[in-house]
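Peer 1: Could you put the whole structure together from the sequences, leaning on the hints where they help?
2 protein chains.
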Amino acid sequence: MRCRVCRGPAIIDIRRHNANFCAEHFLKLCRDQVAKAIGEFDMISPGERVLVAVSGGKDSLALWDLLLDLGHDTDGLYLGLGIGDYSDRSHRYARDFADRRGAKLVEIDLPGDYGYDVAGGAKAARRVPCSACGLSKRHLFDRAALDGGYDVVATGHNLDDEAAVLFGNVLRWHTEYLGRQVPVLPGANGFPRKVKPLVRLGERETAAYCVVRGIDYIVEECPMALGNKHLGYKDALNAIEVTSPGSKHDFYFGFLSRASARFRVDAAADSQDLHPCPSCGAPTTAESCAFCRLVARAGGHHPVAVELSPTRPAPSVTRP
Amino acid sequence: MRCRVCRGPAIIDIRRHNANFCAEHFLKLCRDQVAKAIGEFDMISPGERVLVAVSGGKDSLALWDLLLDLGHDTDGLYLGLGIGDYSDRSHRYARDFADRRGAKLVEIDLPGDYGYDVAGGAKAARRVPCSACGLSKRHLFDRAALDGGYDVVATGHNLDDEAAVLFGNVLRWHTEYLGRQVPVLPGANGFPRKVKPLVRLGERETAAYCVVRGIDYIVEECPMALGNKHLGYKDALNAIEVTSPGSKHDFYFGFLSRASARFRVDAAADSQDLHPCPSCGAPTTAESCAFCRLVARAGGHHPVAVELSPTRPAPSVTRP
Numbered sequence: 309m310r311c312r313v314c315r316g317p318a319i320i321d322i323r324r325h326n327a328n329f330c331a332e333h334f335l336k337l338c339r340d341q342v343a344k345a346i347g348e349f350d351m352i353s354p355g356e357r358v359l360v361a362v363s364g365g366k367d368s369l370a371l372w373d374l375l376l377d378l379g380h381d382t383d384g385l386y387l388g389l390g391i392g393d394y395s396d397r398s399h400r401y402a403r404d405f406a407d408r409r410g411a412k413l414v415e416i417d418l419p420g421d422y423g424y425d426v427a428g429g430a431k432a433a434r435r436v437p438c439s440a441c442g443l444s445k446r447h448l449f450d451r452a453a454l455d456g457g458y459d460v461v462a463t464g465h466n467l468d469d470e471a472a473v474l475f476g477n478v479l480r481w482h483t484e485y486l487g488r489q490v491p492v493l494p495g496a497n498g499f500p501r502k503v504k505p506l507v508r509l510g511e512r513e514t515a516a517y518c519v520v521r522g523i524d525y526i527v528e529e530c531p532m533a534l535g536n537k538h539l540g541y542k543d544a545l546n547a548i549e550v551t552s553p554g555s556k557h558d559f560y561f562g563f564l565s566r567a568s569a570r571f572r573v574d575a576a577a578d579s580q581d582l583h584p585c586p587s588c589g590a591p592t593t594a595e596s597c598a599f600c601r602l603v604a605r606a607g608g609h610h611p612v613a614v615e616l617s618p619t620r621p622a623p624s625v626t627r628p
Numbered sequence: 309m310r311c312r313v314c315r316g317p318a319i320i321d322i323r324r325h326n327a328n329f330c331a332e333h334f335l336k337l338c339r340d341q342v343a344k345a346i347g348e349f350d351m352i353s354p355g356e357r358v359l360v361a362v363s364g365g366k367d368s369l370a371l372w373d374l375l376l377d378l379g380h381d382t383d384g385l386y387l388g389l390g391i392g393d394y395s396d397r398s399h400r401y402a403r404d405f406a407d408r409r410g411a412k413l414v415e416i417d418l419p420g421d422y423g424y425d426v427a428g429g430a431k432a433a434r435r436v437p438c439s440a441c442g443l444s445k446r447h448l449f450d451r452a453a454l455d456g457g458y459d460v461v462a463t464g465h466n467l468d469d470e471a472a473v474l475f476g477n478v479l480r481w482h483t484e485y486l487g488r489q490v491p492v493l494p495g496a497n498g499f500p501r502k503v504k505p506l507v508r509l510g511e512r513e514t515a516a517y518c519v520v521r522g523i524d525y526i527v528e529e530c531p532m533a534l535g536n537k538h539l540g541y542k543d544a545l546n547a548i549e550v551t552s553p554g555s556k557h558d559f560y561f562g563f564l565s566r567a568s569a570r571f572r573v574d575a576a577a578d579s580q581d582l583h584p585c586p587s588c589g590a591p592t593t594a595e596s597c598a599f600c601r602l603v604a605r606a607g608g609h610h611p612v613a614v615e616l617s618p619t620r621p622a623p624s625v626t627r628p
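Each protein sequence line maps, in turn, to chains A and B.
Going by my numbering, the first residue of the first sequence is number 309, and it counts up by one from there.
Going by my numbering, the first residue of the second sequence is number 309, and it counts up by one from there.
Treat the hints as calculated values from the structure; they're not laboratory data.
Treat the hints loosely; a few may be bogus.
Chain copies aren't distinguished; within one or between two, either way the pair holds.
No more than 25 Å apart at the CA atoms, straight line, and that leaves these computed lysine to any residue pairs for SDA-like [said to hold, decoys possible]:
| # | residue 1 | residue 2 |
| --- | --- | --- |
| 1 | K344 | R480 |
| 2 | K537 | H325 |
| 3 | K431 | S552 |
| 4 | K537 | A547 |
| 5 | K537 | E549 |
| 6 | K431 | P553 |
| 7 | K336 | P553 |
| 8 | K537 | A327 |
| 9 | K537 | R480 |
| 10 | K537 | E484 |
| 11 | K344 | R566 |
| 12 | K431 | D381 |
| 13 | K542 | R323 |
| 14 | K537 | A567 |
Peer 2: As structure tokens, this is what we get:
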């Protein structure tokens, strides 16, 4: 097995590229694919400040590492979800990476700052854990980005993630979600721009990237996610990828180029009635926003400082 | 396990309906679902003559039986594909059913009438067997319907089939196929109307229907289809259906109600340049139609009678 570029011994085969790569040229491939995604979808302009949502997993740490190496001005944001030992260990991986790279990690703790954890929030709101978690993350990433003056939030969604989400959305023909499933959501209506620079890399590649780069990350799936539908969709697509390499790529990028625009009108209709949540100011179409309703149901609270002072202090920050 | 309707002992559970049925009410359910599909999509009007494409498998024989019981004026059409013993046995099941029901079966034999079989056609045309087979079937069903003065061709595609085809089409975002994947293709441009009255029944139900009705059918999958992509798509959707009953139904019917129209323009564009094939008269966008090209490559011929006489004799018919 030889590297496609230099013919030296290869360390990884990527079937959808029908090619093998040595360590050096595999890292170059990853950087090139991320740079290509950023350029092709106008994700980040030179000089913009990027907040990377960091979970301590392979994708978000690979993303942060790649963005730093590509010269982007990035800080990380870690959100403690209160999932016991899993959260503690994830947090450690995120902090260790930030320390090693001399990068700034913003930290928010759901139980400490907001008085609830994912399990409690899910139970109170009668949502599955992944739903309560996703809602909390989206809200707090957006808010931290706007409060911190960042131009853009970057998340570690990779090609497998996006293909699986797309599969879930087409299985139910959630047309408004389909209209919104793009690698760049422009900032508007009180939302920051959100980008997914890893859409051209599969999760096997982000894992290999971390191994080659010596980045330690939490390997286990989140214990609350086990058996969720998203993982079932991944399994289904993986089975197809085995017999037809490149299927996931074609599914996702074919959607973007030939179908996505047909659903945009549904997403736009959904955002017409946005107004600021009276409680937290986040854009919402309901009386109060879904996050504030979740916090209220879970018996949580907004950070105490917010209620005491009009100039809210920045969240706690680990400086290297 | 009790019947939802009469509370008698049930013989089948249908998880996506969240219900069990006794034999009598299961048959009624099947008839009702077919009648509902026919009505909802305007498939067949009273008095129209229907040609049912009959393979000898569970779906097409169940369909023919159901259409007869619903009072439709139907003949069957059996196409011998030259797949050795598999074709011989399929043929026998189709003939036995026709005899038992006192129904008319039109018969065409690919090797005898056209001088090639599916394996040879596939090899010559460098297509996978299912592609050469599908192309031949579509052409010959259309032609037999037009020649025989039928108003509509009915095929036994069930919900599993349609969901799997849809999955294949969205995986590659074949937008022109998506625009054409409807349970009724109106007759136009030299094509007869084509309908799929089984779209509301799964393949487990059509199999159970045949068992309950005492209809013998060929149980094995076609040996040429083993390992094809379509079966892989079925496996993937089956895995999802197990954890989320109703997924296939929602996928297919959600597509029809919320997405299909968005792709219609692509299908329409594709049919703008149709003209009659100079060799056989079938509508085509190319110089000669795909079927005539397949026949030529496979070293086959059109039925001798066609070339000798302007009034082509009807294909051979088994009369009960």
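Peer 1: Does each hint fit the structure? Answer for all of them.
Peer 2: Each hint, compared with the structure:
Taking the closest pair of Cα atoms, K344 and R480 come within 25 Å of each other only across two copies (22 Å); inside a single copy the shortest separation is 31 Å, beyond that limit. Within a single copy, K537 and H325 get their C-alpha atoms only as close as 28 Å, which misses the 25 Å cut-off; across copies the closest is 21 Å, which meets it. For the identical chains of this complex, K431 and S552 are inter-copy neighbours only, at 21 Å across copies versus 40 Å inside a copy, given an alpha-carbon limit of 25 Å. In the homo-oligomer, the alpha carbons of K537 and A547 lie at most 25 Å apart both inside one protomer (15 Å) and across protomers (11 Å), since each shortest distance falls under that limit.
Taking the closest pair of Cα atoms, K537 and E549 come within 25 Å of each other both inside a single copy (18 Å) and across two copies (11 Å). Within a single copy, K431 and P553 get their C-alpha atoms only as close as 40 Å, which misses the 25 Å cut-off; across copies the closest is 24 Å, which meets it. Proximity of K336 and P553 under a CA criterion of 25 Å is satisfied intra-copy only: 22 Å inside one chain copy versus 44 Å between copies. Within a single copy, K537 and A327 get their C-alpha atoms only as close as 32 Å, which misses the 25 Å cut-off; across copies the closest is 24 Å, which meets it.
In this assembly of identical chains, K537 and R480 lie within 25 Å of each other by CA distance both inside one copy and across copies; the values are 12 Å within and 22 Å between. In the homo-oligomer, the alpha carbons of K537 and E484 lie at most 25 Å apart inside one protomer (19 Å), although the nearest pairing across protomers, at 30 Å, exceeds that limit. Taking CA atoms no more than 25 Å apart as the test, K344 paired with R566 passes inside one copy only; the shortest distance there is 19 Å, against 33 Å between copies. Proximity of K431 to D381 under the C-alpha cut-off of 25 Å is found in neither arrangement, the shortest distances being 38 Å within a copy and 57 Å between copies.
When the C-alpha separation of K542 and R323 is checked against a cutoff of 25 Å, the pair qualifies both within a copy, at 17 Å, and between copies, at 23 Å. In this assembly of identical chains, K537 and A567 lie within 25 Å of each other by CA distance both inside one copy and across copies; the values are 23 Å within and 22 Å between.
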